[in-house]
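Colleague: For reference, the chains in residue letters:
Number of protein chains: 6
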Amino acid sequence: MKKGIGYAGVGTSFDDFLLIKEARKGITSTGNPFLTLILRDQTGEIEAKLWDATKEDELAYVEEKIVKVTGEINQFRGKNQLRISSIRLADPSDGVSISQFIENAPVDKDTLWKKITEALFEIQNPSIQRMTRAILKKYHEPLLDYPAAAKNHHEYASGLAHHIVSMLQIAGKLCELYPELNKDLLYAGIMLHDLGKLRELSGVVSTTYTLDGKLLGHIPMMVEEIGMTAKELQIEGEEVLILQHLVLSHHGKAEWGSPTPPLVREAEILHLIDLLDAKLNMLNRALDKVNPGEFTDRLFAMDNRAFYKPTFME
Amino acid sequence: MKKGIGYAGVGTSFDDFLLIKEARKGITSTGNPFLTLILRDQTGEIEAKLWDATKEDELAYVEEKIVKVTGEINQFRGKNQLRISSIRLADPSDGVSISQFIENAPVDKDTLWKKITEALFEIQNPSIQRMTRAILKKYHEPLLDYPAAAKNHHEYASGLAHHIVSMLQIAGKLCELYPELNKDLLYAGIMLHDLGKLRELSGVVSTTYTLDGKLLGHIPMMVEEIGMTAKELQIEGEEVLILQHLVLSHHGKAEWGSPTPPLVREAEILHLIDLLDAKLNMLNRALDKVNPGEFTDRLFAMDNRAFYKPTFME
Amino acid sequence: MKKGIGYAGVGTSFDDFLLIKEARKGITSTGNPFLTLILRDQTGEIEAKLWDATKEDELAYVEEKIVKVTGEINQFRGKNQLRISSIRLADPSDGVSISQFIENAPVDKDTLWKKITEALFEIQNPSIQRMTRAILKKYHEPLLDYPAAAKNHHEYASGLAHHIVSMLQIAGKLCELYPELNKDLLYAGIMLHDLGKLRELSGVVSTTYTLDGKLLGHIPMMVEEIGMTAKELQIEGEEVLILQHLVLSHHGKAEWGSPTPPLVREAEILHLIDLLDAKLNMLNRALDKVNPGEFTDRLFAMDNRAFYKPTFME
Amino acid sequence: MKKGIGYAGVGTSFDDFLLIKEARKGITSTGNPFLTLILRDQTGEIEAKLWDATKEDELAYVEEKIVKVTGEINQFRGKNQLRISSIRLADPSDGVSISQFIENAPVDKDTLWKKITEALFEIQNPSIQRMTRAILKKYHEPLLDYPAAAKNHHEYASGLAHHIVSMLQIAGKLCELYPELNKDLLYAGIMLHDLGKLRELSGVVSTTYTLDGKLLGHIPMMVEEIGMTAKELQIEGEEVLILQHLVLSHHGKAEWGSPTPPLVREAEILHLIDLLDAKLNMLNRALDKVNPGEFTDRLFAMDNRAFYKPTFME
Amino acid sequence: MKKGIGYAGVGTSFDDFLLIKEARKGITSTGNPFLTLILRDQTGEIEAKLWDATKEDELAYVEEKIVKVTGEINQFRGKNQLRISSIRLADPSDGVSISQFIENAPVDKDTLWKKITEALFEIQNPSIQRMTRAILKKYHEPLLDYPAAAKNHHEYASGLAHHIVSMLQIAGKLCELYPELNKDLLYAGIMLHDLGKLRELSGVVSTTYTLDGKLLGHIPMMVEEIGMTAKELQIEGEEVLILQHLVLSHHGKAEWGSPTPPLVREAEILHLIDLLDAKLNMLNRALDKVNPGEFTDRLFAMDNRAFYKPTFME
Amino acid sequence: MKKGIGYAGVGTSFDDFLLIKEARKGITSTGNPFLTLILRDQTGEIEAKLWDATKEDELAYVEEKIVKVTGEINQFRGKNQLRISSIRLADPSDGVSISQFIENAPVDKDTLWKKITEALFEIQNPSIQRMTRAILKKYHEPLLDYPAAAKNHHEYASGLAHHIVSMLQIAGKLCELYPELNKDLLYAGIMLHDLGKLRELSGVVSTTYTLDGKLLGHIPMMVEEIGMTAKELQIEGEEVLILQHLVLSHHGKAEWGSPTPPLVREAEILHLIDLLDAKLNMLNRALDKVNPGEFTDRLFAMDNRAFYKPTFME
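Residue numbers (the numbering used here), protein chains in the order written: chain V, 225 to 538; chain F, 225 to 538; chain E, 225 to 538; chain B, 225 to 538; chain P, 225 to 538; chain U, 225 to 538.
Chain V extracted, bound-state conformation (with noise of 0.2 Å):
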């Protein structure tokens, strides 16, 4: 049986550190105070129970502090919960640190950094090559830690770096059978569509919409950065506007965010890969928690549907 506490079956019992991901105070219906907790590690999170907290209790646990808990995993409402019999605060000589706790990509960011790189010197197009580079450059060091979103897909640290190697791997195949493909623009642009989210987004512990995220989101923060960035560098000619129209446009639909549908065929492949690397990391991790013959847990970004993995599957 894997180990970490989304590994945990209903009815065992629990002994490890774990990071407070989120707090919250609550009164019982009989007027007790108590707290509410998100506890993570790297292999998902669960909602636990500290019934009778003292105000002490409240001041000390509190988000992206690490603890010490024993407990035992119940159900409640059809979702695991870790009810709480002993826990305390890790101190120094513990030898645990934050990034324990956090889910880290598969791939390593040195790895992830240099499969981009080389990606980036396959562009031949020098506009293009020019206006990447300098953005790549611009956000090297968040790019390595950001995830890809909030939650539902590759969110976890380097899960953006990662989500773009993916999509580059999936791009390169795509332009061996395709040859009609521009391989110079579908990689510029999977390289740049997401790259606003270090923007919307507040970092990799806990993840929140920051205010540009909210009142602007990263479609429009990443046209405007590569226009600006094409100013800079004295770039003209269509290329600018083709680049910012595959951002622009590579959620699909006005629905969806982008206020321009693709209409350059590779703004079209790059919306298509997106949705098809993503949706195998969500199916992927999903599938790995349950056994042949079970279903999933419904997944809210895929219309809510729970997938059955056959039997005849390991």
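Wrong hints could be hidden among the right ones.
Same chains, same names: a pair is fine if it fits in one copy or spans any two.
Each computed DSSO-like pair below joins lysine-lysine, with the alpha-carbon atoms no more than 27 Å apart [stated by the list, open to error]: (1) Lys438 / Lys533; (2) Lys362 / Lys303; (3) Lys503 / Lys513; (4) Lys249 / Lys513; (5) Lys438 / Lys513; (6) Lys438 / Lys407; (7) Lys533 / Lys477; (8) Lys303 / Lys245; (9) Lys289 / Lys303; (10) Lys375 / Lys333; (11) Lys303 / Lys249; (12) Lys513 / Lys407; (13) Lys292 / Lys477; (14) Lys397 / Lys503; (15) Lys503 / Lys407; (16) Lys397 / Lys227; (17) Lys455 / Lys362; (18) Lys362 / Lys339; (19) Lys533 / Lys407; (20) Lys513 / Lys397; (21) Lys477 / Lys362; (22) Lys292 / Lys533; (23) Lys303 / Lys375.
These are computed hints drawn from the structure, not numbers from a lab.
Position chains F, E, B, P and U against the provided structure of chain V, taking the given hints into account.
Modeller: Then chains F, E, B, P and U, alone, in the frame of chain V:
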């Protein structure tokens, strides 16, 4: 009876100068070449047929030429059509010029500019005022020429400026009635919201969409413009973001082209004032062409409704 | 800090009179009876729990009673909740009455009625004036008491009259800016459009829908009322039909309750003014409760959006 | 082979009297005037072209005139068209009258009225019976003339009465099978539900929408009529409200014209019986015109479906 | 007052046998285990709470066990709830059996089968008759046991057969009124349309969806079954295709599960009869539980509407 | 310039053999018979008019005949049209055959079959392999002839096999990148998903829908076929169900013809690969016909979008 092609009734004859807005060649079912001309003056436009067109006709009667036409108004599939009996190009001695055939805003350019400038001076927040002034200054000239749209509403010379001024007047009144409204934001939002159309549309004579307009649209372009202007003027602070948000959200819904809906009070009110003025412009112009007791043509941009003019209205 | 339950912050204690808007019995998960009370004053309302309620409590603490309450403001599932430590019924010596706990329009009844009457006298078409006056006269009294809706906007005493007066003011301004508008129709439409709510809603204290309201709705009832009034006053002519059309179409679309969409200019404008005033009322009241830099609660009737109050607004 | 224009096949010649339902002038692409006539008899209608029409022709061949025509049936854009070789107005000696060319219900007026009257007598609730009887009495005459709709279903003389009688028969059977149904309500609802069409439609010959029909529609008009009738007869009690609700809700959904959906069992069943009879009427008449193994024309009011007649049906 | 849990009013006490339909463990907010039981008899079902449940309770009180319960009916979040004061398992001496607690169709199995058989003999087309008879024979036994659905309508023992028989009766009456209808097709379609539910649903006691039901659904399974039956019986000809079409299209629209909409008259009518009988079943059973002047619970499968029972109906 | 009717520009003359795809008789507005011919070669198709057609012409120029045509390319309502100046039937001495005029897949049949066979051998699950092989064997011949659709994508000879092979290639690459994917299922799903089209469509020359295609559609037919094949081969186990599910769900949504959405990972991926290959096929062929800097025609199956070919692409 009002004079002009927009008011010419079926069965009447016509003899005057008109501007060619569009010219298309065709072949009759018996194999003879003809020309379909869209002819216009300040009151409207009409489709006309020139049968048995010669090669010389095809070369002479092209877009943006002025012609002297005699003919009769017929009806074809429920729309008026001009059957040409004679046609010739205008020559210098006729003393006619294109601007005479283009519909103009009912208010002259100087007055429009004066009203916009007055409103600009009412803006007290220095960041908002500086950004707005810089952009208006840059686009001063085309702003006073351009229509507000290729069709539907304010589709005449100075239409965009006229739309802005009408909206400013409504906004001014609303700010009196609801003092909570932030006039600075509302005025700046009104002045900037549609300026992206100066890059989205080709101009005032035969208005079409530019490539930039098709692939990006006026909203993302204007968001970018505000960002660049702020950077040039070294303006920082929430005003930049909020002004970008007002422009981004002014179509009200994702399906209508705003990837983010209005999330600031003045953004919501900007959207409603825009709707109100555009609809009144369409309704007033359509109802002006019918008599009491009649219905207007179906108005495409008003969900294809035909509006009724009650008999007790003059 | 403003006084009243609508402004009470989490963690503060509360000690004052409140009106019971709603009272429901419940059983705790351990089998003990308790009361859930919705308590209100003029500034808002709050859910309160009275644990270990006796049979006497159940009989005493019912809808429309005034109580003296002490307790503490907690938070429960993201909403404020009052934890009652002591409660008693108000007695005559307390000198409190229901009207003190009902939120009132910010304008008094006499002023509202005066403004409505003034607008009535501006109507020049005799048929429109007579019908409107007869109906207003019939409903004079409840009109000045009723809210404009059970919730969402103008949901306070005299809310309907306040909504009408605000709309009349907007309409007056628009008629100055767009002289084509028929002020008679627009004013009459505004005064009558929602009067069916006097039959659709139960009243001002604990507003619910009546059986007539559920099975017919205020729009068809008001169309009928106009028809009957015209018959009684022996008024004939298109004015009756057009006035019925304005009321029938004022929700704008079939999906929103208007089986016929607006097909007369003033009907369209009535719909837009109704939207504009309702939205401004909701926005101003929600933003009044938050500080600059904060978002409001989600507003159900505004597509569930939370609105932002920029930091540069006071 | 059945006789009449509705059954005339492509390539056959035609020589008989027809009624002009509609007449429009046109100009050919070579500038010659012609007339487009919609001609009908009891079996259907056809478009006809009269080429080289003279001024006299235009004056003679107008709506509601009977003509004697010879010509040939051609096909034009997938629809039958009559190419006229000779035409003349009918004169008194021809012994033809309009009513011969109007399609009639397959049941005669007396029988229809008798069946309606019988059903009326089955209603036992005195309030329901008195209201229904009063309204039927008022509309006795046009009810037996009018079609049930301008097109789609029961669009023939006495069509409305025929539709009512068919629905009453279905309702009678359902009341036997489901004795819980309140026959009084169901019968009254069936008899009244569409009577507003007598005011919504212009009549039986060239059926169009009246101004009242366009601006109010038959549903709100009939709700008003029931209210007025109850007032005149001094009937009070829930029966009035419920009967108004049945009429108001009989289109089933807001999008289909019922601002309130059915909230009473008999209202829901009225809606379903209405659908059932209207669809059977459309299907039977469309299938009657094709042979086994063929598809009907696309039926607009059936989501544009073409229906198949299996080869094993005669 | 009718007897049974479906009719038990709030505040009354209860003391009788009930069947456990569902059992779930829970933990109170103070950490104590309890059981949530869904208990049923022939008149309905109720949620019950067994507080302070022991390990023995958890093992004893499981699905499909009969228990003797005493307790009181409370209300919790607007729904009835049984607060258990004592509970024990039924023992053989109690003389109760599961079938006594399952709701049954109001018509017995023999009568249902007789009516189906009679209708089968009315089918004259030999191909249609042979296919229908073969399939009915194969499914004879489960058909008389199964409900027509897991919830919403005819969700009781023999519910599927009862639904079929009611539909056959409506169809019989419609064939009298509209002789154009092909009774053979309509009867066969009614008998076969939902038989796929015998494979889609798990059975009659605690009805859930099978894996086949979730991944294929009853409609495609039945289309396949008809095809296989025809092959076995060596039946060819259009009857096979048309019968498959009737089953395939009987949900009316793609969104409702029919990839092809009805394109044969009898398919359309089958769809409407199915709707009519299902809705009447839901409405009659819901209205049976309320008094005149009251609304029913919201009916999920009727667009969540609550229906009103007029005061003048007994 | 590429040769063939698909590349012929307006104003050029044409003189070559073409295949008649469709022939319709018409009557001009002056009463003269003419023929409308849809003519095609391997590069595309064009509408042509043969004026003053004789009875002999009507008999000679019918579907699937090859003709030698001279004429000129005109434009009519925005589409190219061939004005025929001379025409004659091809005779044996011309040495032309139908297959020369039918567009073919860019890969030959042998290669296509070889690639399908290779993929078949990669399937390791014996049940999946046996079912797939049996069905492919049965349909070997038509599979290599048929188009993948009547229009939109892969609408050429061997189009279905070409679509399958392209999809297999994408799937192969994805299985390398995402080793969690079950290649057996994905390959089998790709090979079988559209084979129902062999029964749904009439063939390759003038492709129309068969009666079975209209009343059932290719998806339910293929689900049935898999079930029958499994029965014949006496294969049991979940593989049958899952394979049926893949075919049933491959259109992705009920509205698009899949009554059950994908609920197995490989079903979801099958749907996405299908989309990806179909869209690339449409885009590549449409873009191949325009120059850099131009837009394609509107593509109906791509939400009617016109796609832009950037100037920097050759």
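Colleague: I'd like to know which numbered hints this structure contradicts. Please list them from smallest to largest.
Modeller: 2, 13, 16, 21 and 22
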